[in-house]
Amino acid sequence: MAAVALRSCRRGLSHILSNGGLAALSSKRLEGDRRHKSTVQYASRPDLPKLAYRRVKGKSPGVLFLPGYGSNMNGQKAEALEEFCRSLGHSYLRFDYTGHGASEGVLADGTIGVWKKDVLFVLDELAEGPQIMVGSSIGGWLMLLAAIARPEKTAALVGISTAADHIVTSFNSLPIETRKDFEEKGEWTVPTKHSEEGLYKFSMDFLREAENHCVLQSPIPITCPVRLIHGLKDEDVPWHISMQVAERVLSPDVDVILRRHGQHRMSEKDDIKLMVYTIDDLIDKLTTMV
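Residues in the sequence shown are numbered from 1 upward in steps of one, following the UniProt record's numbering.
Note that these hints are calculated values from the structure, not bench results. Keep in mind that a hint or two might mislead.
Computed spacing ranges between beta-carbons, pair by pair [unchecked claim]:
1) 108 <-> 47: 15 to 23 Å
2) 280 <-> 129: 17 to 25 Å
3) 233 <-> 197: 34 to 42 Å
4) 208 <-> 288: 43 to 51 Å
5) 196 <-> 104: 14 to 22 Å
6) 177 <-> 287: 53 to 61 Å
7) 109 <-> 232: 30 to 38 Å
8) 175 <-> 287: 50 to 58 Å
9) 190 <-> 109: 17 to 25 Å
10) 233 <-> 287: 31 to 39 Å
11) 76 <-> 217: 27 to 35 Å
12) 284 <-> 183: 44 to 52 Å
Calculated lysine-lysine pairs in the DSS-like style (CA-CA distance at most 27 Å, straight line) [to be verified]:
13) 180 <-> 201
14) 37 <-> 269
15) 285 <-> 153
16) 153 <-> 59
17) 201 <-> 50
18) 201 <-> 233
19) 193 <-> 273
20) 57 <-> 201
21) 273 <-> 233
22) 153 <-> 116
23) 201 <-> 117
24) 201 <-> 185
25) 269 <-> 57
26) 273 <-> 285
27) 153 <-> 273
28) 59 <-> 37
29) 116 <-> 193
30) 57 <-> 116
31) 37 <-> 273
32) 180 <-> 50
33) 153 <-> 57
34) 153 <-> 233
35) 273 <-> 57
36) 193 <-> 180
37) 37 <-> 153
38) 116 <-> 50
39) 50 <-> 117
40) 285 <-> 59
Computed from a predicted structure; not experimentally measured. For glycine and all other residues, C-beta sits at the position ideal for the given N, C-alpha and C.
Take the sequences, apply the hints, and build the full model.
Have a look at this one:
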């Protein structure tokens, strides 16, 4: 019965995706979903910046989206996942890290540790029940850290262009003289096409703090299902990082999916379709197990 239901769901999703949307089987349904799009809410925390989030209540397991560095909860993947979860009646939560999007704080003051605390707060205070965490780029790193800290709240993980340890390993792989130059300046500048300035700036303090959260030097104590999607054309985060994660997690249920023409953001229609199908399979697997 579950397999039949899944095939039916997939046929519907294929139709929806091919017509440019995820939540509607008709234009009338689409209009209704747009009217009921989740609204931005703010979570207050003692002595910490408020976090902006959008939430759709529904069935368990829920889906929690973690965006990439400098990104926010209103990207294509995040929007598509809300439509998908709404169409299935599952709960969905997306938010902005401290210093990102509509949340309070300054991006330059953020650290991996600060953003990890953001994710844990969302898991503890805003998310209901176990979650399928979907992490994009640095969100994939934070997803792993959160899963280690909150195994009881983690139903499954889906990494998109997972950037585990990437900032640290990239800096350490630079020639010694180059590293010394940046250390003297107190800042590492990285060219990127994903920023209006054309570069990212990381302080030496940021890099030193990030070293405390690296996960690839030893086995990763995560035992839930893990799916890692990565593009072979990713010019920002090498696809072999997803392979390293797959080799180190203790879970017996790990799949790596490599997209031949996939780029870093994985926001093309077929990329989003793959992401949705992957989560669809996990929901089916998890609810069938129950």
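Comparing the hints with the structure gives:
{"no.": "1", "hint": "108 <-> 47: 15 to 23 Å", "verdict": "holds (20 Å)"}
{"no.": "2", "hint": "280 <-> 129: 17 to 25 Å", "verdict": "holds (18 Å)"}
{"no.": "3", "hint": "233 <-> 197: 34 to 42 Å", "verdict": "violated (24 Å)"}
{"no.": "4", "hint": "208 <-> 288: 43 to 51 Å", "verdict": "holds (45 Å)"}
{"no.": "5", "hint": "196 <-> 104: 14 to 22 Å", "verdict": "holds (21 Å)"}
{"no.": "6", "hint": "177 <-> 287: 53 to 61 Å", "verdict": "holds (55 Å)"}
{"no.": "7", "hint": "109 <-> 232: 30 to 38 Å", "verdict": "holds (35 Å)"}
{"no.": "8", "hint": "175 <-> 287: 50 to 58 Å", "verdict": "holds (51 Å)"}
{"no.": "9", "hint": "190 <-> 109: 17 to 25 Å", "verdict": "holds (18 Å)"}
{"no.": "10", "hint": "233 <-> 287: 31 to 39 Å", "verdict": "holds (34 Å)"}
{"no.": "11", "hint": "76 <-> 217: 27 to 35 Å", "verdict": "holds (33 Å)"}
{"no.": "12", "hint": "284 <-> 183: 44 to 52 Å", "verdict": "holds (50 Å)"}
{"no.": "13", "hint": "180 <-> 201", "verdict": "holds (16 Å)"}
{"no.": "14", "hint": "37 <-> 269", "verdict": "holds (21 Å)"}
{"no.": "15", "hint": "285 <-> 153", "verdict": "holds (17 Å)"}
{"no.": "16", "hint": "153 <-> 59", "verdict": "holds (15 Å)"}
{"no.": "17", "hint": "201 <-> 50", "verdict": "holds (24 Å)"}
{"no.": "18", "hint": "201 <-> 233", "verdict": "holds (24 Å)"}
{"no.": "19", "hint": "193 <-> 273", "verdict": "holds (24 Å)"}
{"no.": "20", "hint": "57 <-> 201", "verdict": "violated (37 Å)"}
{"no.": "21", "hint": "273 <-> 233", "verdict": "holds (18 Å)"}
{"no.": "22", "hint": "153 <-> 116", "verdict": "holds (15 Å)"}
{"no.": "23", "hint": "201 <-> 117", "verdict": "holds (22 Å)"}
{"no.": "24", "hint": "201 <-> 185", "verdict": "holds (11 Å)"}
{"no.": "25", "hint": "269 <-> 57", "verdict": "holds (26 Å)"}
{"no.": "26", "hint": "273 <-> 285", "verdict": "holds (18 Å)"}
{"no.": "27", "hint": "153 <-> 273", "verdict": "holds (26 Å)"}
{"no.": "28", "hint": "59 <-> 37", "verdict": "holds (17 Å)"}
{"no.": "29", "hint": "116 <-> 193", "verdict": "holds (25 Å)"}
{"no.": "30", "hint": "57 <-> 116", "verdict": "holds (23 Å)"}
{"no.": "31", "hint": "37 <-> 273", "verdict": "holds (20 Å)"}
{"no.": "32", "hint": "180 <-> 50", "verdict": "violated (37 Å)"}
{"no.": "33", "hint": "153 <-> 57", "verdict": "holds (16 Å)"}
{"no.": "34", "hint": "153 <-> 233", "verdict": "violated (33 Å)"}
{"no.": "35", "hint": "273 <-> 57", "verdict": "holds (23 Å)"}
{"no.": "36", "hint": "193 <-> 180", "verdict": "holds (25 Å)"}
{"no.": "37", "hint": "37 <-> 153", "verdict": "holds (25 Å)"}
{"no.": "38", "hint": "116 <-> 50", "verdict": "holds (15 Å)"}
{"no.": "39", "hint": "50 <-> 117", "verdict": "holds (13 Å)"}
{"no.": "40", "hint": "285 <-> 59", "verdict": "holds (15 Å)"}
In this structure, the hints that do not hold are numbers 3, 20, 32 and 34, in rising order.
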